[in-house]
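Q: Here is how the chains run, residue by residue.
There are 2 protein chains.
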Amino acid sequence: MKNMKMILQYDGSRYQGWQRLGDSDRTIQGKIEKVLSVMTGEDIEVIGSGRTDAGVHAIRQVANFHTESSMVPEAMLDYCYRYLPEDIVVLDMQEVDKMFHSRYNAKAKKYLYRIWNDRFHNPFYRKYACHIPNCLDIDSMRQAARFLIGEHDYTSFTTLKSKKKSKVRRVYSIDIEIKDKIIDIIFYGNGFLYNMVRIMTGTLIEVGLGKISPDAMENILSGKDRSLAGYTAPSNGLFLYEVEY
Amino acid sequence: MKNMKMILQYDGSRYQGWQRLGDSDRTIQGKIEKVLSVMTGEDIEVIGSGRTDAGVHAIRQVANFHTESSMVPEAMLDYCYRYLPEDIVVLDMQEVDKMFHSRYNAKAKKYLYRIWNDRFHNPFYRKYACHIPNCLDIDSMRQAARFLIGEHDYTSFTTLKSKKKSKVRRVYSIDIEIKDKIIDIIFYGNGFLYNMVRIMTGTLIEVGLGKISPDAMENILSGKDRSLAGYTAPSNGLFLYEVEY
Numbered sequence: 001m002k003n004m005k006m007i008l009q010y011d012g013s014r015y016q017g018w019q020r021l022g023d024s025d026r027t028i029q030g031k032i033e034k035v036l037s038v039m040t041g042e043d044i045e046v047i048g049s050g051r052t053d054a055g056v057h058a059i060r061q062v063a064n065f066h067t068e069s070s071m072v073p074e075a076m077l078d079y080c081y082r083y084l085p086e087d088i089v090v091l092d093m094q095e096v097d098k099m100f101h102s103r104y105n106a107k108a109k110k111y112l113y114r115i116w117n118d119r120f121h122n123p124f125y126r127k128y129a130c131h132i133p134n135c136l137d138i139d140s141m142r143q144a145a146r147f148l149i150g151e152h153d154y155t156s157f158t159t160l161k162s163k164k165k166s167k168v169r170r171v172y173s174i175d176i177e178i179k180d181k182i183i184d185i186i187f188y189g190n191g192f193l194y195n196m197v198r199i200m201t202g203t204l205i206e207v208g209l210g211k212i213s214p215d216a217m218e219n220i221l222s223g224k225d226r227s228l229a230g231y232t233a234p235s236n237g238l239f240l241y242e243v244e245y
Numbered sequence: 001m002k003n004m005k006m007i008l009q010y011d012g013s014r015y016q017g018w019q020r021l022g023d024s025d026r027t028i029q030g031k032i033e034k035v036l037s038v039m040t041g042e043d044i045e046v047i048g049s050g051r052t053d054a055g056v057h058a059i060r061q062v063a064n065f066h067t068e069s070s071m072v073p074e075a076m077l078d079y080c081y082r083y084l085p086e087d088i089v090v091l092d093m094q095e096v097d098k099m100f101h102s103r104y105n106a107k108a109k110k111y112l113y114r115i116w117n118d119r120f121h122n123p124f125y126r127k128y129a130c131h132i133p134n135c136l137d138i139d140s141m142r143q144a145a146r147f148l149i150g151e152h153d154y155t156s157f158t159t160l161k162s163k164k165k166s167k168v169r170r171v172y173s174i175d176i177e178i179k180d181k182i183i184d185i186i187f188y189g190n191g192f193l194y195n196m197v198r199i200m201t202g203t204l205i206e207v208g209l210g211k212i213s214p215d216a217m218e219n220i221l222s223g224k225d226r227s228l229a230g231y232t233a234p235s236n237g238l239f240l241y242e243v244e245y
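Protein sequence lines correspond, in order, to chains L and W. For reference, each letter of the first sequence is one residue, going 1 to 245 in UniProt numbering. For reference, each letter of the second sequence is one residue, going 1 to 245 in UniProt numbering.
In case anyone wonders, no lab produced these hints; they're calculated from the structure. Careful: at least some of the hints might be erroneous.
Just so you know, same-sequence chains aren't split out, so a pair can sit in one copy or run between any two.
To be verified - In silico DSSO-like cross-links for lysine-lysine, where the CA-CA straight-line distance does not exceed 30 Å:
(1) K211 / K164
(2) K5 / K179
(3) K181 / K224
(4) K161 / K98
(5) K2 / K181
(6) K167 / K107
(7) K181 / K107
(8) K110 / K161
(9) K2 / K164
(10) K5 / K181
(11) K224 / K110
(12) K179 / K110
(13) K127 / K181
(14) K163 / K98
(15) K98 / K34
(16) K109 / K165
(17) K109 / K179
(18) K181 / K211
(19) K107 / K165
(20) K110 / K181
(21) K2 / K163
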């Protein structure tokens, strides 16, 4: 039995997200499993490094699957390129150690949240950035972001209700880069809770708009209450950027 | 009677091009005229700086129209933003001299042709760049481009059949910029014939692939025969970048 590791890139606009939903064909996982199952003649299950929500994109998602197929990785890559829809591309395919697990072994992740900050939306970015027409105070956003770095209980920044699982994560850095009218926020951490990047982004946007003061971040974090944080920024601006092992 | 000048941005993917075709709703001109006609209660005709083909995009297209409307330009801008589809945006609206004509007064134009040069296509650029999987020799392309600069009869680079009209144009510059896997070719000239930018691009791509030698450009130009030049590069990589008056 071989264990194959893939690097995937996808435009999530048309999909209900990563995770397969029954026999639905509108998920990334579902699309890939279908192609790999036909390719190998086996019933392939693909393990992703994590789920991405409906509309969320990936620059370099990681996934793995087990197969008895004798096909070489290069041929698998070509097969996937030929049969996957054009908004999903397998960039790399390699045989890895039998024990490798895309989700359990992930040590850190990077997400990119892209904002288009101009009066009118940009027709070319309407699916790949969140449009904020108002002026954003970037200094305040950077100040606020500093409070979110470190090891914290991020209960205020998730919509996951489960009380059993730890909400403690470590965020290594949050970088805010401006290129003309594009604001890129890059989140880097050892793991992110459900909706955490989108709620952190929504909160930073509200700071940028002057609705939340940067200093309020401390209380938002320590309050451990979702209602204290800002809104959930829309999915179209979010990209899973990289997964580290 | 007021003469209004507009700056337009559009994603041409869904459209049959700029020029209105009968009562078709699948053209940029048609969409804009419909919105402006409802806005003013008049039968508005929009004059564009030039046509863009099916699938071609615009960063800053220029157009003008005449109206008796007393609406201020800012209100017109807001109205267009609200009622145009999200892949067409009016970026600017100003009253100009009665004599201004978007097409007749255009002095120069800039086009951008974007190539995604990597083994696999990029899901985020599939509508906004032409995918060339093979390695391109940029030095040869730049060498070939130099022959296309200047005042020439560009008969070899157009599919326009009319023999009456002059095919002489002046190309000021052709710049080839590389950013990672993106190759941008920027064409700047006093006017471009039908399909001229796409045929020049297709020819430069064939030079980059080693199918045409850079030195052959001189004979392709002087031969005044479309069959001598390279293929017509696809419309999805082409952007009308700017119009000068």
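Q: All hints are to be evaluated individually against the structure, with a verdict given for each.
A: Against the structure, the hints come out as follows:
1. K211 / K164: neither (33 Å within a copy, 64 Å between copies)
2. K5 / K179: Between. Shortest inter-copy distance 28 Å satisfies the 30 Å Cα cut-off; intra-copy 34 Å does not.
3. K181 / K224: neither (34 Å within a copy, 44 Å between copies)
4. K161 / K98: neither (34 Å within a copy, 64 Å between copies)
5. K2 / K181: neither (46 Å within a copy, 32 Å between copies)
6. K167 / K107: So K167 and K107 pass the 30 Å test inside one copy only (16 Å; across, 62 Å).
7. K181 / K107: The answer is between: 28 Å across copies meets 30 Å, while 33 Å in one copy does not.
8. K110 / K161: within (24 Å within a copy, 54 Å between copies)
9. K2 / K164: neither (35 Å within a copy, 68 Å between copies)
10. K5 / K181: between (37 Å within a copy, 24 Å between copies)
11. K224 / K110: Classified as within: same-chain Cα gap 24 Å, cross-chain 54 Å, threshold 30 Å.
12. K179 / K110: Answer is both: 19 Å inside a copy and 22 Å across each meet the 30 Å cutoff.
13. K127 / K181: Cα proximity of K127 and K181: in one copy and across copies (16 Å, 21 Å).
14. K163 / K98: Answer is neither; intra-copy 33 Å and inter-copy 69 Å both fail.
15. K98 / K34: within (22 Å within a copy, 61 Å between copies)
16. K109 / K165: within (19 Å within a copy, 60 Å between copies)
17. K109 / K179: both (23 Å within a copy, 25 Å between copies)
18. K181 / K211: Answer is within; shortest intra-copy Cα gap is 21 Å, inter-copy 40 Å.
19. K107 / K165: within (18 Å within a copy, 66 Å between copies)
20. K110 / K181: Classified as both; 22 Å inside a copy, 21 Å across copies.
21. K2 / K163: neither (37 Å within a copy, 65 Å between copies)
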